Amino acid sequence: MKIYQEIIEIKTSGKCLHNITPKIKQVVIDSEITTGLCTVFLLHTSASLIIQENADPDVLADLTNFFSKLVPENNNDYLHSAEGVDDMPSHIRSVLTSTSENIIIRQGKLLLGTWQGLYLWEHRMRSHIRQVAIHIQGNKN
Amino acid sequence: MKIYQEIIEIKTSGKCLHNITPKIKQVVIDSEITTGLCTVFLLHTSASLIIQENADPDVLADLTNFFSKLVPENNNDYLHSAEGVDDMPSHIRSVLTSTSENIIIRQGKLLLGTWQGLYLWEHRMRSHIRQVAIHIQGNKN
Amino acid sequence: MKIYQEIIEIKTSGKCLHNITPKIKQVVIDSEITTGLCTVFLLHTSASLIIQENADPDVLADLTNFFSKLVPENNNDYLHSAEGVDDMPSHIRSVLTSTSENIIIRQGKLLLGTWQGLYLWEHRMRSHIRQVAIHIQGNKN
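Protein chains in written order, with numbering that gives the first Met the number 0: chain A, 0 to 140; chain B, 0 to 140; chain C, 0 to 140.
Please note that the accuracy of each hint is not assured.
Derived pair list, reagent style PhoX-like, types lysine-lysine, alpha-carbon separation capped at 25 Å [unchecked claim]:
#1 C:Lys68 to A:Lys1
#2 C:Lys139 to B:Lys1
#3 C:Lys108 to A:Lys1
#4 B:Lys139 to C:Lys1
#5 A:Lys139 to C:Lys1
#6 B:Lys68 to C:Lys68
#7 B:Lys1 to A:Lys139
Per the computed footprint, the stretches of chain C lying under chain A, defined by three or more beta-carbons under 8 Å from a beta-carbon of chain A, are [stated by the list, open to error]:
#8 24-38
#9 44-54
#10 124-133
Restraint-style ranges between C-beta atoms, simulated for each label pair [said to hold, decoys possible]:
#11 C:Asp85 to A:Gly13: 34 to 42 Å
#12 C:Ala81 to A:Lys68: 27 to 35 Å
#13 C:Asn74 to A:Ser67: 21 to 29 Å
#14 C:Asn140 to A:Pro21: 31 to 39 Å
#15 B:Ser12 to C:Thr33: 20 to 28 Å
#16 B:Asn140 to C:Ala54: 39 to 47 Å
#17 A:Gly83 to B:Ala81: 32 to 40 Å
Source of the hints: derived by calculation from the structure; they are not laboratory data. Small disclaimer: the values here were computed from a predicted structure and weren't measured. Beta carbons are placed, not taken as given, at the ideal position from N, Cα and C, and that holds for glycine.
Take the sequences, apply the hints, and build the full model.
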């Protein structure tokens, strides 16, 4: 049984869903672990992770639009407003999605469905450097 | 330390919450792991997993009703509509719930609260064959 | 590779977000595991876990307010009402957040971002004793 850990940085360009699956696949290759579990953990509270469809970009546009309406930015009720109108909505959107995701490793690869990709969702307007921690535990063949 | 992996198929009959706890319990028995962690991962983006009350079916009815209103199907704003009016709402409901769940194994059993069950939530109208991957890592006594 | 498991009890005083990070840090110290993964699992369906900002208490107030409006208690549509007007909304709020969280252990510590804390969110009005199961798997240095 082996453990491999790495922290990678993702530069976001404001509100956007970034497909980070290729980067995580590379970390799995680097780990040399072929059967195990890969935990991806985002070290921030105003961005989040989701696993979603990787084919039609309209799905990402519809998701963005839905969350914009569900958690509006033009809401005078927020007490936490000193960091900008997009900060508190970002925290709420983060709570409604995920800080971490676990993906099984099988036969040397991330076990994802045909249409699944792992996305880092930047909820803030400005670009940020986001730290993503990866922990892989398992066996080498 | 041992790893056990299995992929099971669940046939859904359209929109429904399926209690898959008995099936996962059987996989834990088959794994012979008595102390560890069981990760259940759904290989799809228009269905999801939740852990919820296993006693009163009214809880499941109320959950279904709440999500029907929160993420309506009769919404002309969706760009992603070619696969049916229920497809984009299914993706959003999947994002608001979980693609994977982790359950601790203790004394040879899934460590769940008295009222907790693991459900596969089919969000599509038609029946589907859903693939559920299970990864168990731990010790045999 | 070592496994350490513990179940701790948290007394809640009605609806509130309780920062349980210090308690989980103590369990990590007790485990003596320095590189691994810590899974925290709540054994209930009307409370939940979130990872959120640990600095400004206004964030917690805004979160509470947002969820109060998103999942109202004065809703005559709920079928599951025998356990009080706050019970079914608690189940829904639990589904929209998390039953478990995974935090990486690195250099003997929980790997959390500067502003991240782990919270137990009590959704019921009355105080409860909540059971939190912790599973840690990893290596001792």
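Are any of the numbered hints broken by this structure? If so, which, sorted upward?
As far as the earlier hints go, 1, 10, 15 are violated by this structure, in ascending order.
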